[in-house]
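The primary structure of each chain is shown beneath.
2 protein chains.
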Amino acid sequence: MRFELTKEYLEKLQESIQSQNSAWIKENVLELQDVDIAVIINALDRDEAEFLFNQLDDDLQGEVLTDLDDDVRERLLKSYSSKEIAEQIENLDSDDAVDVIGELDPEQIEEVISHISDREAVEEIVDLLHYEDDTAGGLMQKEYIKAKADWPVNRCIIELRKQAEDVEKVFTIYVVDDNEVLLGFLSLKRLLFADAKTKISELYQDKNMISVKTGLDNEEVARVMEKYDLVAVPVIDLQGKLVGRITIDDVVDVIKEEADKDFQLASGLSEKVESSSNVWKISRARIPWLTIGMIGGILGAWVIVGFEGGISKVPALAFFIPLITAMGGNVGVQSSAIVVQSLARGDAQLGSLWKKLGKESMVAIVNGLLLSTIVYAITLFFGSSTLGLAVSVSLFTVTLFAAVFGTLIPLVLDRYKIDPALATGPFITTLNDVLGLFIYFTIGMLFFGI
Amino acid sequence: MRFELTKEYLEKLQESIQSQNSAWIKENVLELQDVDIAVIINALDRDEAEFLFNQLDDDLQGEVLTDLDDDVRERLLKSYSSKEIAEQIENLDSDDAVDVIGELDPEQIEEVISHISDREAVEEIVDLLHYEDDTAGGLMQKEYIKAKADWPVNRCIIELRKQAEDVEKVFTIYVVDDNEVLLGFLSLKRLLFADAKTKISELYQDKNMISVKTGLDNEEVARVMEKYDLVAVPVIDLQGKLVGRITIDDVVDVIKEEADKDFQLASGLSEKVESSSNVWKISRARIPWLTIGMIGGILGAWVIVGFEGGISKVPALAFFIPLITAMGGNVGVQSSAIVVQSLARGDAQLGSLWKKLGKESMVAIVNGLLLSTIVYAITLFFGSSTLGLAVSVSLFTVTLFAAVFGTLIPLVLDRYKIDPALATGPFITTLNDVLGLFIYFTIGMLFFGI
Chain X
1 MRFELTKEYL
11 EKLQESIQSQ
21 NSAWIKENVL
31 ELQDVDIAVI
41 INALDRDEAE
51 FLFNQLDDDL
61 QGEVLTDLDD
71 DVRERLLKSY
81 SSKEIAEQIE
91 NLDSDDAVDV
101 IGELDPEQIE
111 EVISHISDRE
121 AVEEIVDLLH
131 YEDDTAGGLM
141 QKEYIKAKAD
151 WPVNRCIIEL
161 RKQAEDVEKV
171 FTIYVVDDNE
181 VLLGFLSLKR
191 LLFADAKTKI
201 SELYQDKNMI
211 SVKTGLDNEE
221 VARVMEKYDL
231 VAVPVIDLQG
241 KLVGRITIDD
251 VVDVIKEEAD
261 KDFQLASGLS
271 EKVESSSNVW
281 KISRARIPWL
291 TIGMIGGILG
301 AWVIVGFEGG
311 ISKVPALAFF
321 IPLITAMGGN
331 VGVQSSAIVV
341 QSLARGDAQL
351 GSLWKKLGKE
361 SMVAIVNGLL
371 LSTIVYAITL
381 FFGSSTLGLA
391 VSVSLFTVTL
401 FAAVFGTLIP
411 LVLDRYKIDP
421 ALATGPFITT
431 LNDVLGLFIY
441 FTIGMLFFGI
Chain P
1 MRFELTKEYL
11 EKLQESIQSQ
21 NSAWIKENVL
31 ELQDVDIAVI
41 INALDRDEAE
51 FLFNQLDDDL
61 QGEVLTDLDD
71 DVRERLLKSY
81 SSKEIAEQIE
91 NLDSDDAVDV
101 IGELDPEQIE
111 EVISHISDRE
121 AVEEIVDLLH
131 YEDDTAGGLM
141 QKEYIKAKAD
151 WPVNRCIIEL
161 RKQAEDVEKV
171 FTIYVVDDNE
181 VLLGFLSLKR
191 LLFADAKTKI
201 SELYQDKNMI
211 SVKTGLDNEE
221 VARVMEKYDL
231 VAVPVIDLQG
241 KLVGRITIDD
251 VVDVIKEEAD
261 KDFQLASGLS
271 EKVESSSNVW
281 KISRARIPWL
291 TIGMIGGILG
301 AWVIVGFEGG
311 ISKVPALAFF
321 IPLITAMGGN
331 VGVQSSAIVV
341 QSLARGDAQL
351 GSLWKKLGKE
361 SMVAIVNGLL
371 LSTIVYAITL
381 FFGSSTLGLA
391 VSVSLFTVTL
401 FAAVFGTLIP
411 LVLDRYKIDP
421 ALATGPFITT
431 LNDVLGLFIY
441 FTIGMLFFGI
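So the sequence lines, in the order shown, correspond to chains X and P. Per the working numbering, the first sequence starts with residue 1, numbered consecutively. Per the working numbering, the second sequence starts with residue 1, numbered consecutively.
To be clear, the hints were calculated from the coordinates, so they are not data collected in a lab. Mixed in with the good hints, there may be bad ones.
Repeated chains share a single entry, so a pair holds when one copy, or any two copies, can fit it.
[Said to hold, decoys possible] Simulated pairs of lysine-lysine, DSS-like, Cα-Cα distance not exceeding 27 angstroms:
# : residue 1 : residue 2
1 : Lys169    : Lys355
2 : Lys26     : Lys83
3 : Lys241    : Lys207
4 : Lys355    : Lys12
5 : Lys189    : Lys241
6 : Lys227    : Lys241
7 : Lys199    : Lys241
8 : Lys169    : Lys213
9 : Lys417    : Lys146
Next comes chain X alone, as it looks inside the complex (with noise of 0.2 angstroms):
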């Protein structure tokens, strides 16, 4: 039923790829779903990958590719010819086609596709090939059930019965009008039960009918699907005529993808990477970042240096740089981070910046004057109650700082168009940082009077 990858079956499978032991491969591995064998073969190394992979049929092949790794998927296309392709990507979906042989180089993606003998999935490919891949177009594929608003039910059930061999789930049927442009939807189970003369005109709903336009974003196309609760929607083209249908299970990637992408920008990664990515790949992704970190640090450095009279009259100033330097970052990304979920849910541009900048300043308020609070009675111990003044109002200001920048920043970047999830990480923490250090040892001038 349902597969578990584990070490004793990944061992025994190595083995039987290494006696080449094809009669326990059958029974263990192909009787699997794609999606397991795909799992199974991402976690191979390179030559045990090809074994297996040619141990499957040109259509467990095609299903198998869509599932893999980007990087495993790229080394196994390379030890096919452009034929061999066309044979295997033959019987998939429109959209995991155009999947598997987008990333191919042009002149091969021309190539496999003279190989592919079926005209009409070729002219689809095509088609599907022009759109941005971030896009409803991109996203979209060519399998879908379409009935004439003027066909009667039995018309509509024997043409549907042709159409239908082509797409794997059918979920609504489109009704358009002669000019092909999309007029509304009628579902499976209104056609199985309606008598066989009524014409589809009657049948089919335009209420509450979503559809989206090719070029619309294609994050914007989740969070249409998400809120409506779609398990699949029509994509139409300027002149309002349907041109595919998005389903769900490509918008679940996308919203995972998107989560993933503004969970690693806040921490500090700045490229797609996994943990099965090699040494260099790591590192490469975290150096941006670090090296933000590091310049912060720096600049740091340089405000402590200005202040080097003051520190050596009064050693203690030093002791809190931490407490400053974490409680700025942690303020700041605080903020950004609820201002990056209200804006990637959309509900941000309601509230105006005046408002959330007012409330987000309250928080701080409050917060500051708690914690600055509490620092105080604690630094009595450290030294001088000069010291916890300075230290606490310090504190109290840095709060306060940090919370407007922290607001600030992520709505900026969204107005100037950048992924305003790039605030929430090191950014964010770094400038606070800076800016921390400047705002404490001036206030601690100020007090010591020095």
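Here the structure of chain X is known, so what remains is to put chain P in place on it, guided by the hints.
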């Protein structure tokens, strides 16, 4: 078609509510989809929300209730009697009905149920109330279509017609034996195109049948549906009997919530808060992590006090405190984020602990060497080459330690069934701050022979 809530619309609506302009409301609100109406009501204040909600008929009230923000729904429900609530939820899908009344107190749930006239609906609701919220049982609904294996197609269509009245989206027909044990599934498409006399037992598929048990954790349900690209999954009890189904729209919500939670944990927010929550709630959600940050800052101060003698001899050591803490924090968060993501994807069980640690250490060595070299060059401007050496050797050591801790902590948390995403938040930053300072000053003392 697709509705966007604009400022202008909201102002016009508020005016209409003030002037009790039911005609405008009827034309501009009641025609919208329930989820859009819910978005509008969420944006209104208490009295306006109540007025608008009262304009809806019972069925629409029920649908809108399921889409409202939790606190808005709770507030609205307070102004209705148990009988009125019963009428509102009577036509909802069983899972939505349970979601609405699940938040009421036990006595009121009993009262509401006693007012529902449809006995079957009552039984379904009572059954669903037994399951934990965050399990497959808590996610499932009682609306699904099932067929007995020994029915012929024509009888099946008659039976399904009855069942289908209550089921909004059919997707798949589940095939059961006489004991209600799930045998397999049958697509509506296959049924539609089959001969009237064929037995269901000859039509249904059992290969690739995926089902989940009632007790399965809802994140695991999401993982299964995502992996196998399912739009609906049947839920079975311990005896293998079919007891419900879960549809993808509910699972998309689980995926989103899970991603939001991870992002919030990584950003130091400990409770589910929305930007619409009030100042106290937001402040409270941030206090736990800020307190940890504060304790870290105080511990850091304590570490520095311990090395006060050294600092007074080489004051320049204080300059690089922010650099060390920032880099330790950043590296730690990066390392733990990678581990958290691979744990969330469920592909972490294969790679052994040592392999992971080895790889993270390699990455840390590469990045540590690179950054330490740059920092060494820069520190020469700030003082002696001994200082440069001390800072860059410390930086390298801290990077390595932070990477090891960043990798270990989420794995340890996961082992003890604590959400590993906790590690990516201020927790790891704070730990690395204190540890980093200790390493830095120890190495500094050694280099300067203090």
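Status of each hint after checking the structure:
no.: 1; hint: Lys169 / Lys355; result: neither (47 angstroms within a copy, 42 angstroms between copies)
no.: 2; hint: Lys26 / Lys83; result: within (25 angstroms within a copy, 61 angstroms between copies)
no.: 3; hint: Lys241 / Lys207; result: within (18 angstroms within a copy, 38 angstroms between copies)
no.: 4; hint: Lys355 / Lys12; result: between (62 angstroms within a copy, 21 angstroms between copies)
no.: 5; hint: Lys189 / Lys241; result: both (25 angstroms within a copy, 25 angstroms between copies)
no.: 6; hint: Lys227 / Lys241; result: within (24 angstroms within a copy, 32 angstroms between copies)
no.: 7; hint: Lys199 / Lys241; result: within (21 angstroms within a copy, 40 angstroms between copies)
no.: 8; hint: Lys169 / Lys213; result: both (22 angstroms within a copy, 24 angstroms between copies)
no.: 9; hint: Lys417 / Lys146; result: neither (37 angstroms within a copy, 49 angstroms between copies)
In summary, the structure is inconsistent with hints 1 and 9 from the numbered list given earlier, while agreeing with the others.
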